[in-house]
Structure formats: C-alpha cells, structure tokens
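Enquirer: Residue numbers (this note's numbering), protein chains in the order written: chain P, 188 to 511; chain A, 188 to 511.
Simulated from the structure, these hints should not be mistaken for lab results.
Beta carbons: idealized from backbone N, C-alpha and C, even for Gly.
Sample of chain P residues at the chain A side, in silico, Cβ under 8 angstroms: (1) Gly335; (2) Ala342; (3) Ala343; (4) Gly347; (5) Glu348; (6) Val349; (7) Met352; (8) Val353; (9) Leu365; (10) Leu443; (11) Ala446; (12) Phe474; (13) Arg476.
Take a look, some chain P residues computed to stay more than 10 angstroms from chain A by CB distance: (14) Pro223; (15) Ala238; (16) Pro274; (17) Asp402.
Quick list of the computed label-pair ranges, beta carbon to beta carbon: (18) A:Ala463 x P:Asp459: 44 to 50 angstroms; (19) A:Thr224 x P:Glu269: 56 to 62 angstroms; (20) P:Pro274 x A:Leu422: 44 to 50 angstroms; (21) P:Asn278 x A:Pro271: 49 to 55 angstroms; (22) A:His366 x P:Glu263: 37 to 43 angstroms; (23) A:Gln471 x P:Gly231: 35 to 41 angstroms; (24) P:Glu482 x A:Asn278: 21 to 27 angstroms; (25) P:Arg314 x A:Pro274: 39 to 45 angstroms; (26) P:Glu269 x A:Gln471: 16 to 22 angstroms; (27) P:Gly291 x A:Tyr288: 54 to 60 angstroms; (28) A:Leu422 x P:Asp459: 45 to 51 angstroms.
Number of protein chains: 2
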Amino acid sequence: MAHGVVVGIDLGGTKILTVAATPEGRILARRRVATPTGRDGVVGAMRDTVAAVLGEAGADGPAALGVGAPGPMDPEAGVLLEPPNLPGCENLPLAEIFRGYYPGAEVHVENDANAAALGERRFGAGRGVADLCYITISTGIGGGIVAGGRLVRGAAGTAGEVGHMVVEPDGPQCHCGLHGCWEVLASGTAIARMAREAVASSDGSGAAIRAAAGDDPPDARAVDAAAAAGDAAALRIVRAAVRYNGIGFCNLIQLLSPARIVVGGGVSRAWDRYIAPAAEWARQNAFDRPGRMCEIVPADLGDDVGALGAVAVALGDGDRGVGA
Amino acid sequence: MAHGVVVGIDLGGTKILTVAATPEGRILARRRVATPTGRDGVVGAMRDTVAAVLGEAGADGPAALGVGAPGPMDPEAGVLLEPPNLPGCENLPLAEIFRGYYPGAEVHVENDANAAALGERRFGAGRGVADLCYITISTGIGGGIVAGGRLVRGAAGTAGEVGHMVVEPDGPQCHCGLHGCWEVLASGTAIARMAREAVASSDGSGAAIRAAAGDDPPDARAVDAAAAAGDAAALRIVRAAVRYNGIGFCNLIQLLSPARIVVGGGVSRAWDRYIAPAAEWARQNAFDRPGRMCEIVPADLGDDVGALGAVAVALGDGDRGVGA
Numbered sequence: 188m189a190h191g192v193v194v195g196i197d198l199g200g201t202k203i204l205t206v207a208a209t210p211e212g213r214i215l216a217r218r219r220v221a222t223p224t225g226r227d228g229v230v231g232a233m234r235d236t237v238a239a240v241l242g243e244a245g246a247d248g249p250a251a252l253g254v255g256a257p258g259p260m261d262p263e264a265g266v267l268l269e270p271p272n273l274p275g276c277e278n279l280p281l282a283e284i285f286r287g288y289y290p291g292a293e294v295h296v297e298n299d300a301n302a303a304a305l306g307e308r309r310f311g312a313g314r315g316v317a318d319l320c321y322i323t324i325s326t327g328i329g330g331g332i333v334a335g336g337r338l339v340r341g342a343a344g345t346a347g348e349v350g351h352m353v354v355e356p357d358g359p360q361c362h363c364g365l366h367g368c369w370e371v372l373a374s375g376t377a378i379a380r381m382a383r384e385a386v387a388s389s390d391g392s393g394a395a396i397r398a399a400a401g402d403d404p405p406d407a408r409a410v411d412a413a414a415a416a417g418d419a420a421a422l423r424i425v426r427a428a429v430r431y432n433g434i435g436f437c438n439l440i441q442l443l444s445p446a447r448i449v450v451g452g453g454v455s456r457a458w459d460r461y462i463a464p465a466a467e468w469a470r471q472n473a474f475d476r477p478g479r480m481c482e483i484v485p486a487d488l489g490d491d492v493g494a495l496g497a498v499a500v501a502l503g504d505g506d507r508g509v510g511a
Numbered sequence: 188m189a190h191g192v193v194v195g196i197d198l199g200g201t202k203i204l205t206v207a208a209t210p211e212g213r214i215l216a217r218r219r220v221a222t223p224t225g226r227d228g229v230v231g232a233m234r235d236t237v238a239a240v241l242g243e244a245g246a247d248g249p250a251a252l253g254v255g256a257p258g259p260m261d262p263e264a265g266v267l268l269e270p271p272n273l274p275g276c277e278n279l280p281l282a283e284i285f286r287g288y289y290p291g292a293e294v295h296v297e298n299d300a301n302a303a304a305l306g307e308r309r310f311g312a313g314r315g316v317a318d319l320c321y322i323t324i325s326t327g328i329g330g331g332i333v334a335g336g337r338l339v340r341g342a343a344g345t346a347g348e349v350g351h352m353v354v355e356p357d358g359p360q361c362h363c364g365l366h367g368c369w370e371v372l373a374s375g376t377a378i379a380r381m382a383r384e385a386v387a388s389s390d391g392s393g394a395a396i397r398a399a400a401g402d403d404p405p406d407a408r409a410v411d412a413a414a415a416a417g418d419a420a421a422l423r424i425v426r427a428a429v430r431y432n433g434i435g436f437c438n439l440i441q442l443l444s445p446a447r448i449v450v451g452g453g454v455s456r457a458w459d460r461y462i463a464p465a466a467e468w469a470r471q472n473a474f475d476r477p478g479r480m481c482e483i484v485p486a487d488l489g490d491d492v493g494a495l496g497a498v499a500v501a502l503g504d505g506d507r508g509v510g511a
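Make a model of the complete structure from these sequences and hints.
Expert: Laid out in structure tokens, this is it:
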C-alpha cells in the first residue's frame, strides 16, 4: 500500500482538501482544513495535511503529488502568480517546494478548474471522452477544456474561463469588468441577485421566493422551490438562467464540438430546472452534427472533484493528456 | 524536383484552387477552375488540376496530397458528409479516391477553415505559435483553433465555428438559425445588410454610403470609404461591427487564451477600421494575463491560404500537430 499512493491537494481560498488515493481514484484518507492567511501558513497547512493523509494511508511518501490551485498560475513551472483568493501567495513556487519535501515524487500544479476537468475526465462523468468540456455552475461559472485527449491551457494557462465569455453585451456588469458574461447572468450569484430584486420589488411578486427562502437570503434553491410551485417571478428567473446556460452550452458546441459537456456545481443539482432545458436548447440550436454528437451530463465527483482532479494532475494528465 | 512535391487542393463551392508546392510552402504551380456540379464533375476537376500542377512542377506524383473541403466532413476517414455547398458530393470518400490515384502518396482531408488555420500556422502569420486562433471575416465568419500545437477538431470535426457563437441573443437571425451569432452581426454580409438599410432609410442618412458604393450594391468597402470621410451612418455601422468583433476576440481569449489570433478575410483588409479597435478592446477587457499575452495580427497568405492550408494538411499537420 505504501507504493503508488498519490496525493491530491485542492487548494482553495477558503479551504484546503487533501486526499491520499490509489491511482484508480479510490480515496484512502482525506484532510480538510480552513485556508490560513499568508504564504507560510498556506504552505505549512498543505504540508501538514499531506503528512496526515500519507500517515493514515500507511505511506512514507507520495508516488506523485498534484495541486489544483486558483489562477492565475504557470502550470508548466508549477508557480502561483497573483491569485486574488490567496493573498501573500504571489509567485509561490509550489511544485519546487513539494519536490523539495518529497524528492522521489512527481509533482504537478494546475489551475483548479482545469484540475477538476481532468478529475471528471479520469475518474468521473468524462471517462473515455477525448473532447470534453467541464463546467461548474455555482457561485461563479468556471470550466476546463480537454480537446483530442489533451488539456487546453492556452498561452497564459487560463484557458477554459467559459463563465467570462460575453453573451449579452448590454447585460449587468460582472466583477470581472465585462458586461453580460455568462457568469453574471446565470451563476448562483446571478440567480440570487435576481431573487433579491424580485423580493425587493414593490409589487409583491417576490412573495413566494421570499417564503421559500425562509430566514435565509433568497438563492437558487429558493427560486427552484418557488418555481416548482408555479410562481411566476421564480419561473421568470429560471427562464433567464436557462436562456444563458443554453447559449453558453451552444457556444461551446460551436467552438469546440465536445463529445460531452460535464456540468457540476451547486446550481446544477437542480438539473431539470436549470440545466436540462438549456442542454436541450443548445443541442437543437447548435449545428446539426456537433449538436447531436454532444451529450450534456451531470458531474460525478461532487465535492471531491477538486481533490480527485489534483490526483489526475499528479498522474500527469495536464502535461501528457489521457488516452481515450 | 520530382521528389517531395506536395499538392494542396482548396475545394470550394465556387472554385477549386490546386497548387503544387515544396514542403516549405513555395508554390511551384497552380490551377484554378470553377467547381463543376455533381460528384463526378468535382472529382474529375480535382484530378485534372492535380495532374496539371504535377506536370508543371515536373513531378510524377505527389509525395503527399491534402484537401481543404467544406464541412461537414469526417477528417479522420477523409470523407465529405453532406456539404451544403457541394451538392451531389454526399459521403464522398475523397481520401480513398486520391489514395487510389496516387498509391505512394500520403493523403489527408480537412475542413476548409481548419486547413486555413494550419496553413497560417505552418507558412503564415501563425508560425511558431502553439496556441492559435485563425479567423476569417469575409462573407461569413469562420475559423480554426490550434491548442498546444494541435488542431482542435472536436468530436464532429467541426470545431472552430467561431462565427456561430451567439453574442447578442436578441440580434438578427442568421441563416444558421441562431439569433445574434457573431457572423450575422459583423461579417461582410452583415455590414452590407446594415449599409443597405442605411441607404434605404427615408431620412437620407445613407447618402454618403450610396455615393461611395457607386453602381455596386453597398458593401463593407463602401462603408469603410464613407466612414473615412466622417459619415455618421457609416461610422455607426463600423461601431456595430467593431463591437461584435471585439466581443468575438475577447470570448476566444477567455476560452482559449491563444498566443495569437490571426485574422484574414476581405473585411480584415480594412484593418484599422474593423479590426484594430476591436482587437484593442478585447485585449483590454479580457482577463489581464491572457489579454496581454494575445497578439491579434493580420493573416499572411491572402488568397492562397486555402491551398497552402491544404499543403499543411497534406504534410499531416491536422493529425500530428506541429512543433512550436
């Protein structure tokens, strides 16, 4: 068991989830900690969780170690650049640091959304698919692209920022600065914004959404519940989100002709509400062959997608691609 | 000279342009004929032009032969599927046919826009670039994508249909069925449509465009000329096209982070009018690193892009990729 243990680290702005796993993706041990502030804290917490999962898995060191980390980053050098969600971690050479800790291990670092795409590709809903888009629709909309079995990183290592493709130029402004990108129109945050607007509206049309939200701020789940009961305001919000999800999927089909689009993230849990009709619209309205040849399916790995993605990164999928 | 002659065939709906070239892309001979109607006519004309350029180049047969053909097609099998621009050529196994004619030659067939991308990649403005988008803005807007040195074909072989990405959902309807795709908003056809609308407008605002067009129907060139003289209606049309070109470029940067976007096609000849301000906007409004790291430059190969693209296809660039 000590041989062949692979470590995956899902490094996020709020939490670090580290797993020890077999190369087949069976998780042997996991540790989840809050992300400390600052460079030394982050590196120390990563190192401690790695030591803990290795200990629990009965391994002296990892055969390979992968990190999925927030962008922007340089995946070839394994260096974080200026990640806005990790203050103090500018120009952090993570690959070099962990190669120092574990000299025998292969170490790779990848953008978190790309890591997640590789995770679904190797272990989840994208298995066996050479042309794959992975999309997560939660507070934001992110993604990763695999084309011809190879991760598309682009020149800056940032490819796959599907959520910041403009689809409604006169739409609301996103924190990214653009107006009407997919994320600002259909993410969980966008749905919550529309829900708040409905609740605040003086004509009382938001009453059902407010009731569904209870004591919590209105969110996608409240909209889903109110829509299920036929509430007009909720259905209007759902229609807006579905419209832009459909355009987002359709644009990916036109540009990339994926065999499969794998959709994860919190909003996608209400699949029939927010995703299924958008998927249907996209497949019908894209060009005929690529539309027919693209399946749009739910992600498989749930909350482990980042950590198992980091395991796929550890196994070199970001550099070498994976056979279909 | 007989050794190593490569033949490229640019098979279009209206013309066939066939070249014999060196592997370095120096054209030794060329033949251009109108595309005949029907399967036998098309294949016969292709064969005749190949024989003619081989004769002129002093070669017995091609070392390799490539075809850039209208989609949809199956590039791996080298079969045209149901190309709307080539009636009678349904399920035409071009690769097999030309392998029969020239048993010693390597034969490849590729989607025409992808072939053009490979042509600019090997011989033109995309040389040495591993992450490249090629876009042609003429009567339509098409393109091809190279990521990590490899052509992105997608599952259906249709990847790169950049012009049919939706960027204005309430925009006019395209012949593709979608509303507000980039092509219907900023192609030469779209500019001509806006020019006709201006000329037809009862308020006389289209007078300068009409004068610039002279006896011809108003087109992008007439709009360019009227805009150069400061005409308000022409400048409005230019602004609309620039807006959507900017969004199109920006979306490509967000999704793919190309190191270079190579732009060709008739509309791009008025570079400073239709392209330069859009390129500037895209680089400024995309994410910081991929925006800064993306050059947007004019195509290099002019009217030979299709035929030289077919030469790159013959050399196997569609299957094997090309080193940076």
